[in-house]
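Here the protein sequences come in this chain order: A and B.
Here the working numbering is used: the first residue of the first sequence is 26, the next is one more, and so on.
Here the working numbering is used: the first residue of the second sequence is 181, the next is one more, and so on.
Keep in mind the hints are simulated off the structure, nothing from the lab.
There could be a bad hint or two in this list.
What the hints assert, rightly or not - Sample of chain B residues with no beta-carbon within 12 Å of chain A, all distances over it, derived: (1) E195; (2) N198; (3) Q202; (4) T240; (5) T242; (6) K246; (7) S262; (8) L266; (9) A268; (10) R279; (11) L286.
Stated by the list, open to error - Residues of chain B placed beyond 10 Å of chain A at every Cβ, according to the derived structure: (12) T208; (13) R248; (14) S251; (15) A277.
As the list claims (entries may be wrong) - The following label-pair restraints were derived from C-beta to C-beta distances: (16) B/S206 / A/N86: 11 to 21 Å; (17) B/G221 / A/L111: 14 to 24 Å; (18) A/N86 / B/T259: 35 to 45 Å.
C-beta atoms are modelled at their ideal positions from N, C-alpha and C, and glycine is treated no differently.
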Amino acid sequence: GALVYQYPRRTICKSGTSMRMECQAVGFQATSVAWYRQSPQKTFELIALSTVNSAIKYEQNFTQEKFPISHPNLSFSSMTVLNAYLEDRGLYLCGASDNQAPLFGEGTRLSVL
Amino acid sequence: GQQVQQSPSSLVLQEGENAELQCNFSSTATQLQWFYQSPGGSLVSLLSNPSGTKHTGRLTSTTVTKERRSSLHISSSQTTDSGTYLCAIDRRNNNNAPRFGAGTKLTVKP
Chain A
26 GALVYQYPRR TICKSGTSMR MECQAVGFQA TSVAWYRQSP QKTFELIALS TVNSAIKYEQ
86 NFTQEKFPIS HPNLSFSSMT VLNAYLEDRG LYLCGASDNQ APLFGEGTRL SVL
Chain B
181 GQQVQQSPSS LVLQEGENAE LQCNFSSTAT QLQWFYQSPG GSLVSLLSNP SGTKHTGRLT
241 STTVTKERRS SLHISSSQTT DSGTYLCAID RRNNNNAPRF GAGTKLTVKP
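The shape of chain B in the complex, shown without the other chains (with noise of 0.2 Å):
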């Protein structure tokens, strides 16, 4: 089955700061998602990037499909930032559902 892995585990930041966030998976995946999730909190889908290089607001996602890999960039980080972020993957085609990676945990301090 489809393996995600995330790095790193937990993330801790000066306001301001940049982030980079990386998501490594198995098998060829045709959907890739980037959630956000507060502490104690519900999901919210961020980005969604099967390949290439997507921008929303401070957030940046570039997916190369063939290495298998998906970074998140989160530029000049902020409080409201912290919380933990997840991506997941799934083979649209063959009918899989997501698999989720285990997350990021950011924290950015004032």
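Next comes chain A alone, as it looks inside the complex (with noise of 0.2 Å):
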């Protein structure tokens, strides 16, 4: 069956030191992957969504400078929380699709002390 995984499940980084995290499609081609981040008590806000031979588009509030994303192939994305403060923690989440309803992994939870 088609699933989406995600890595790690939970991370604990230094506060102003980065995080990478990655979205492996497994059983289907991932021609798109959204990220989101919800942070405590709020809902999933969308970072970028990333499709294969677009420009990666990245929602207001968020920049390539601060999540840098990779989409290298078909099967694979990771992004990048750089220089991680406070205000990043909480439940990060891809969503690949192939025009399809998007599949969600279980997201990768970061904490930031």
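Using the supplied hints, reconstruct the complex from the two chains, each of which is provided in its own coordinate frame.
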């Protein structure tokens, strides 16, 4: 079956350091990958949408300089949280799609000390 | 951009009661999904229902596309149904990513 794996599931980083998280699509081709952040007590905010053969579209309040994304092939994407601070803590979710309803991973929960 | 409004923001029920959750959206949606998130947990897909009515187990979703609204009905609620219910909308043809509503936090008391 089709699945989306995210790694790591949980991670802790020191304030000011960076954290890379990965998203793997299994059983289908991820032509587009969306990354979200759920801050404590909030809903999922869209960070950016990466579509193969198109530029990555970042939402307002999120930048490539802070959240660089790589989408090198149809099964993998990664996002890095650069220079993480307390306000970056939360659950980071990826949703991968091949023009159907996206499948979501279980998220990477980031804590910042 | 797409706006997604969910109501109520929270709901408290006694076990056995039914729940009715609403999702309203600002633009035409080609995909609408309902999700469940347990407290501190990950996202679980419940139903994908861009139009019409769909059932699965104790869940029924009805989406009226032209009125830009969807509902999720939970019958005979159980304590294990407690958590947050989110709807997400996208317009697939425009290569837009799904947008989530703020969710309805459901608490089912024994």
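message = Hint by hint, where does the structure go against what was stated? Just the numbers, ascending.
response = Hint check: 8, 9, 10 and 15 fail, others pass.
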